[in-house]
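Chain P is already provided as a structure; the job is to place chain U on it using the hints.
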Amino acid sequence: MSKILIETKHMTKYYPTGEGKFTALQDINLSFEKGEFAGLVGPSGSGKTTLLNIIGSLDTQSEGEVIVLGKEVSTLSARQSAALRSKHIGFIFQTYNLLPVYNVYENVELPLLLLKMSTEERKKAVMEALEWVGLTDKLKSRPNQLSGGQGQRVSIARAMVKKPQIVLADEPTANLDTENSLHILDTMLKINRETGTTFVFSTHDQKVVNYLNRVITLVDGKKAKDDLKVSV
Amino acid sequence: MILKLAYKNILGNGWRSLINVIILSIVLTGMIWMQGLYDGWGRIARRQMIAWQFGSGHYEQVNYDKYDSFTLDKSNAALSPEMEKQVADGKAVPILYSAGVIYPQGRMTPVVIKGIPTQQSILAIPTEYLKIADKSAPVIPVIIGKQMAKSTRLSEGDQFTMRWKDIYGVFNAYDVVIAKVMNTPVPTTDVAQVWMDYDKLNEVKALNNSATLIVLKDKPVNSDLGSDWRYLSTDDSMAGTDAMISAKRVGGYVIFTLLLFLAMVAIFDTQILSIFKRRKEIGTLIALGLTKRQIIRLFTLEGTLYMLLGTVFTGIFGMPLFLYFGIKGYSMPVDVSSYNIAGMSDSIKCYYSPIMIISTFLIVMLVTVFASWLPTARIARMKATDALLGKV
Numbered sequence: 002m003s004k005i006l007i008e009t010k011h012m013t014k015y016y017p018t019g020e021g022k023f024t025a026l027q028d029i030n031l032s033f034e035k036g037e038f039a040g041l042v043g044p045s046g047s048g049k050t051t052l053l054n055i056i057g058s059l060d061t062q063s064e065g066e067v068i069v070l071g072k073e074v075s076t077l078s079a080r081q082s083a084a085l086r087s088k089h090i091g092f093i094f095q096t097y098n099l100l101p102v103y104n105v106y107e108n109v110e111l112p113l114l115l116l117k118m119s120t121e122e123r124k125k126a127v128m129e130a131l132e133w134v135g136l137t138d139k140l141k142s143r144p145n146q147l148s149g150g151q152g153q154r155v156s157i158a159r160a161m162v163k164k165p166q167i168v169l170a171d172e173p174t175a176n177l178d179t180e181n182s183l184h185i186l187d188t189m190l191k192i193n194r195e196t197g198t199t200f201v202f203s204t205h206d207q208k209v210v211n212y213l214n215r216v217i218t219l220v221d222g223k224k225a226k227d228d229l230k231v232s233v
Numbered sequence: 304m305i306l307k308l309a310y311k312n313i314l315g316n317g318w319r320s321l322i323n324v325i326i327l328s329i330v331l332t333g334m335i336w337m338q339g340l341y342d343g344w345g346r347i348a349r350r351q352m353i354a355w356q357f358g359s360g361h362y363e364q365v366n367y368d369k370y371d372s373f374t375l376d377k378s379n380a381a382l383s384p385e386m387e388k389q390v391a392d393g394k395a396v397p398i399l400y401s402a403g404v405i406y407p408q409g410r411m412t413p414v415v416i417k418g419i420p421t422q423q424s425i426l427a428i429p430t431e432y433l434k435i436a437d438k439s440a441p442v443i444p445v446i447i448g449k450q451m452a453k454s455t456r457l458s459e460g461d462q463f464t465m466r467w468k469d470i471y472g473v474f475n476a477y478d479v480v481i482a483k484v485m486n487t488p489v490p491t492t493d494v495a496q497v498w499m500d501y502d503k504l505n506e507v508k509a510l511n512n513s514a515t516l517i518v519l520k521d522k523p524v525n526s527d528l529g530s531d532w533r534y535l536s537t538d539d540s541m542a543g544t545d546a547m548i549s550a551k552r553v554g555g556y557v558i559f560t561l562l563l564f565l566a567m568v569a570i571f572d573t574q575i576l577s578i579f580k581r582r583k584e585i586g587t588l589i590a591l592g593l594t595k596r597q598i599i600r601l602f603t604l605e606g607t608l609y610m611l612l613g614t615v616f617t618g619i620f621g622m623p624l625f626l627y628f629g630i631k632g633y634s635m636p637v638d639v640s641s642y643n644i645a646g647m648s649d650s651i652k653c654y655y656s657p658i659m660i661i662s663t664f665l666i667v668m669l670v671t672v673f674a675s676w677l678p679t680a681r682i683a684r685m686k687a688t689d690a691l692l693g694k695v
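Chains as they are written, first to last, in the numbering used here: chain P, 2 to 233; chain U, 304 to 695.
Just chain P, with the same shape it has in the complex:
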């Protein structure tokens, strides 16, 4: 039986401007089930990142409903919203966003510190996550000592280490060459298949689109298409 993890109902997001308001997303109705490997595609300014941010409870919608893991995100307090992110949602960013003063191990360990796990549990989980992305030999390296591909793999390990139900990846391959992009995508697909984690991407990279099993096209803040693919 399918399980819906994310659902948006008539969701609209607008920003006040000097003269009126700018509508970034309009009447979005979507749902994502467990284990999906889906992507939001569309040109710049189409609202992909805004939608990901709202799903990740980093932002709130102006109208409509956004239900993530059974919770309406706009009604959550700052603490509840932070708890939702720390326990259930992993983020992967275009520029990796690794903390520069931490080494690879510490960067991956960070989400677990928030979950107040024991040292032993943290160590086991961090090593497992780094094995997924093939970086167990870079534990002591600082982010500035890693290549772009390695940095993004650390970012994936950091997103996956707490075994979240949802991973939101905002343009994860935009800063990578083809070889590294494919490597990253293979890694994420493997994790998706092994763990059943739902991945939602925002991308305009065709390489990513080729990997997705569902492609939602946004144009000017509106859902233009929602295509389900059979297999990669």
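No lab work stands behind these hints: they were computed from the structure. We treat Cβ as the ideally placed atom computed from N, Cα and C, and that holds for glycine. Any given hint might turn out to be false.
[What the hints assert, rightly or not] Within a straight-line C-alpha distance of at most 25 Å, the following computed DSS-like cross-link-like pairs (lysine-lysine) qualify: (1) U:K694 to P:K22; (2) P:K139 to U:K307; (3) P:K88 to U:K595; (4) U:K483 to U:K449; (5) P:K88 to P:K164; (6) U:K583 to P:K141; (7) U:K434 to U:K503; (8) U:K394 to U:K434.
[To be verified] Part of the chain P face toward chain U, derived, beta carbon under 10 Å: (9) T50; (10) T51; (11) N54; (12) G57; (13) D60; (14) A79; (15) R86; (16) G91; (17) P101; (18) E107.
Just chain U now, with coordinates in the frame of chain P:
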């Protein structure tokens, strides 16, 4: 976790952290040293005043007004039998004051003549030099202080004429010889003071065992000695000196408040720069599940850690300085002996009380926490989505 993050970030800040820590350390060292200096000065002044002038407290004849020399000749009262016994037991020493004039080398200098028993051991004044072997001798031995000797250009063995009035208002004069020029650190026992034998002064003033002051060896059990006397504790006697030290201390505070302000500006500036530079990191931390309040706590803690590291630096690098000035003392860069301020003639040994150190630390700590917290208001206003994009 926040602590670990803060610690890592401070290390990651490199030389900027080091500069903050060094500035804080200098401020903390300076504040502790300065307060230690004033506390040390106060302690020395108190010790010297007790040893040379006030003992553990004293009785003062009720007519005596230290600010009015015209009261001197009527400021005396006979010792009660109880007090005579205490004097005999070596628990008290009576001192008789008289207004007088000396004529060294023909010049005229008004003085206070002070009569003190030669056998006393409560005060450090070398009264053994005042003993008069031959009661009929025409020349009376006296002691003066170094400052007095300098200002009157007198030295040991010099003779001059000294004049005073007895209780009937009759002027009398004797030739006196300087038996000793004493080196007293207390100006009020030196400047314009001539010390002579208590009995002789009583005799020439036509008094009988009368005193202006009765200095005590120990604190009295019952300080009421009748209507002729009022009791003054050491604290009462030190009030003027304490007030002067406090006034000097305030001057020192102004300097170090400025230094502290500069240190706080440095921390404030570092925090602002840090928030600006690390806005993406702030966004990432929010995405990872930290609340803004936790991030504000993180930044405030970072500022506070500067203070703690500054304290460690102060402990390591300030300690030799504290020890040096605590053991060896601080000598005034110029000759201050003519300033007539108690406690300043010797080098001042700094005194660092635990309360002073802790209170100084707490003040700097509170100000540092405030300076660290103040810029974090920007974080509270920051939108997570903007922070992730590197916008403020």
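Going through the hints against the structure:
no., hint, result
1, U:K694 to P:K22, "holds (21 Å)"
2, P:K139 to U:K307, "holds (21 Å)"
3, P:K88 to U:K595, "holds (17 Å)"
4, U:K483 to U:K449, "holds (10 Å)"
5, P:K88 to P:K164, "holds (8 Å)"
6, U:K583 to P:K141, "holds (23 Å)"
7, U:K434 to U:K503, "holds (10 Å)"
8, U:K394 to U:K434, "holds (20 Å)"
9, T50, "holds (8 Å)"
10, T51, "holds (8 Å)"
11, N54, "holds (5 Å)"
12, G57, "holds (7 Å)"
13, D60, "holds (5 Å)"
14, A79, "holds (5 Å)"
15, R86, "holds (4 Å)"
16, G91, "holds (9 Å)"
17, P101, "holds (7 Å)"
18, E107, "holds (8 Å)"
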